[in-house]
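**Student:** As given, the protein sequences belong to chains Z and R, one line each in that order.
Just so you know, we're using the numbering used here here: the first sequence kicks off at 5 and counts up by one.
Just so you know, we're using the numbering used here here: the second sequence kicks off at 2 and counts up by one.
Source of the hints: derived by calculation from the structure; they are not laboratory data.
Hints are not guaranteed to be accurate.
Here are some chain R residues the structure puts well away from chain Z; computed CB gaps all over 12 angstroms [as the list claims (entries may be wrong)]:
1. R71
2. N166
3. S175
4. F177
Restraint-style ranges between C-beta atoms, simulated for each label pair [stated by the list, open to error]:
5. P262(Z) / P13(R): 17 to 25 angstroms
6. P27(R) / E183(Z): 41 to 49 angstroms
7. N166(R) / D334(Z): 22 to 30 angstroms
8. V213(R) / E207(Z): 34 to 42 angstroms
9. V213(R) / S264(Z): 21 to 29 angstroms
10. A318(Z) / D235(R): 51 to 59 angstroms
For every residue, glycine included, the Cβ atom is placed at its ideal position computed from N, Cα and C.
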Amino acid sequence: MQVNLSGRLSDRFFDPNTAGGVSQRQVAISVSAAALTEEQAPLNLCLVLDHSGSMGGKPLDTVKRAACALVDQLSYRDRLSVVSFDHKAKVILENQTVDRPESIKERIQALRSGGGTSIDEGMKLALQELSKVKSGVVSQAFILTDGENEHGNNDRCLQFAQLAAEYGITLHTLGFGDEWNQNVLEKIADAGNGAMSHIQTPEQAIAEFSTLLRRVQSVTLTNAFLELELPEYVRLAELKPIAQVSPDAIELPLQIHPSSALVTVRLGDLMTTERVIVINLYIGNQIFDQLKTSKANQVNILTAQVRYDLPAQAQEALLTSPIQIEATLDQDFKPAIDPEVQMHIFALAKYRQTQLAETKLHQGDRLGAATMLQSAAKTALQMGDERAATVLHTNATRLQAGNDLNEAERKQTRMVSKTVLQVSPPS
Amino acid sequence: MVTCPSCSHQNPDHATHCEACYIPLPVAAPAAIAEVSPEAKTQEMTSCPNCKAEVIVGASFCGNCGLDLRSVPHISLELPQSIAPQLIAPDSIPPLPPVAAQIGALPEPEINLAENNKPPEPITASGKNKTQLQQISAHLFHVQTESKIEIPPSLLIVHIGKPNNLIPPDIDLSGFPDSDIVSRVHGDIRNEGDAYYFEDTGSSNGTYINNVPLPPGNRHRLRAGDRIAMGKGDKVSFIFQTTS
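The shape of chain Z in the complex, shown without the other chains:
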C-alpha cells in the first residue's frame, strides 16, 4: 500500500423527508503517501530567481545565501538547474547532478541585480531545463520574485503552469517582500500543484527555502490524479465543487468525462503529509429506491481512486484500490455531523469568504469587504485558527474605519486564508 486513501461524509445519515428530496453533503477525502522505507527518487529541482533591479543589495544577497544553503542540503544524486530572470531570462546552471556543490555555489554567487521582471520567460527556461530529465525523478521548480510581472504576460505564466502540470512538474512560488502580485503567484502555484509562500523579510528566506525543500523531499509519488465515480442519483455542486483544504486551500479544476461518469482531479505530488479534498455534492431522493432494492441500509455515494506515478521505480499510472463513501439510510433521521469534516468545511469557508472579500475590495465595496472579512474571521474562530482570526478581524476593522489595506496586509490576509497554522509544530 503506497497511498493512504480515505473518505468521510459530512453527515452519513439521510432524512427521507427532505424538502424536494435532495440533500446537500460534503465529502472529505484524505490522500497521503505511505511512509516508505524504500529509497526515494532523486529530486530534479530548478531554482527560478528574480535578479531584477529591485532585488539589489540585501534581498539578492540573502536569496543567494538561501540558495547556497539549499545546495548544501541536496544529495549528490539530486539534479539542480538555476534560471535567473530580469526582463529576459537566462540559464545560470544547466541541469546537472549536484556532485560538485562548490562550483554550483560560485555560479549562484555571480548573480548581479539589474533590469525588469518577466516571470514567464523564467518559467519557460525552467521547464526546458527540467524536462531534460523525464523519468525516475521528482521534478520541482521554485519560482522566487519580488515584484509585479511588469515585462511579462500573466496569462502566459498561467499557461506555462498548466503545461508544467501536464509534464508532471510541480511549481512552487515564493513572494519576496510586499510588492509582488499575490494573484499571479497564487495562480501559478495552484495550477502547478505547488505551494505559495511569503518571505516578508530577507531573514525569512533561508527558513522558507528549507521548509519548501523539506516538502519536496518528502514527495515519493508524483503526477497523482483523484478519480471519482458518481452514481446517477448524485451530482456535483455547480460552483467550484472540488477544493483542497489542507495543507493549504486550493480550488481544484476538474475534468468530467461525459461517457463514463468519471470525474478526474489533478493532485500533483503526494507527500506523507495528508492532503484533504472537500467535494460538495447533492444527493437525490432516488437514493431511497436503492434502499428498497438492496435491503441493506448502506448505499454508495461515491467511489474514489487515485492514479499515480512511482518515480523511484520508474513506474507510471499505478492505481490504488477504490474506496467507497457510503450513506446510512434510516427512517428516524437524526443528524450526526462529522466534526472532522466540519473543520475541513470551515477551512474552505474561511478561504472562500476571504476571496469574496478581496473581490469586493477590488470592486471598491469597502464595507461589503469588511463584512465578508468579519465572517471569515468568525469562521476562523470556529475552527480554532486564532491567528487567522486575529489577522482577518484586524483588517476588517481597518476597512470599517475607512482605511485601505496596504500591500503587506493584503498578502498576510491571503496567506492566513489559505493555510491553517498549527499551534504546536508537527514533530
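We have chain Z already, so just place chain R on it with the hints.
**Tutor:** What follows is chain R alone, placed relative to chain Z:
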C-alpha cells in the same frame, strides 16, 4: 434558486450551504411545513361574510377584501358547526342580512353585532375555535434519557430553564441529568406561525445548535432533526422533532 444572504451567490434549489462561501443557507420550506400547509388549505374553509371569498377557518383577515375576521369570528367560525343550518339560509332568518350588510358598510361592527344578533353569540362563545387551528405539534427529544418533552402549542414563547424568581420556565430542566450546566434563564423557543425559532437568552454556558455555538441574541430557525445542546460538552441535548 436560493440566493445567499451573505455573498448573493445564486445557489440551486435544495442547497443548504452556499456553494460559494459555505455559510449555512436559510431553508425556505422545511419538509414538515411543506407537507402541512396544503392540508390546512383544503381542510377547514369557510367564506368571508363580506365578499364571500374563501378563507381558512381561524384566519385573522380575509385575503380578498381585507375584512378583519376577528371582529366577526363567530359567524365565520361557526358556519360548519352545529348551528350551520340556521345560518346557511340567511334569507329566511331576518336578523342576519342586516348584520352582514352592516359589517361591510360600518366601521364599528362589533357593537351592532352584539346588540342585533343575540342568538348566535352564546353558541359562539364555546371556544371551539382553538382546536380547529391547524398546527404542527413539535416536541423535544432528550437524547440522554430518550424522553419526549412536548412544546406547549398554545404558548408563543416557551421559556426553557430552571425555576427562578424572574421568568418561570415553561420547560423545566432541573430534574434532568447534568442540569447544573443549564442556566435558570437559558433560552426561548418562539412559535411564529408555522416556524419555530430558538434563541439563547443569555445563558452562562451557551447553546450549541448542531454542534455550532449560537451567539446570544441570534435566532435559529429550528428544522426537524436539529440538535440543541445546552452548555458545553453535549451533556443536555435535545433533538427538535415535529409531527404533522
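**Student:** Each hint: holds or not?
**Tutor:** Structure-based check of each hint:
no., hint, result
1, R71, "holds (32 angstroms)"
2, N166, "holds (35 angstroms)"
3, S175, "holds (26 angstroms)"
4, F177, "holds (19 angstroms)"
5, P262(Z) / P13(R): 17 to 25 angstroms, "holds (20 angstroms)"
6, P27(R) / E183(Z): 41 to 49 angstroms, "holds (43 angstroms)"
7, N166(R) / D334(Z): 22 to 30 angstroms, "violated (44 angstroms)"
8, V213(R) / E207(Z): 34 to 42 angstroms, "holds (41 angstroms)"
9, V213(R) / S264(Z): 21 to 29 angstroms, "violated (38 angstroms)"
10, A318(Z) / D235(R): 51 to 59 angstroms, "holds (52 angstroms)"
Consistency with the previously given hints fails for numbers 7, 9, ordered from lowest to highest.
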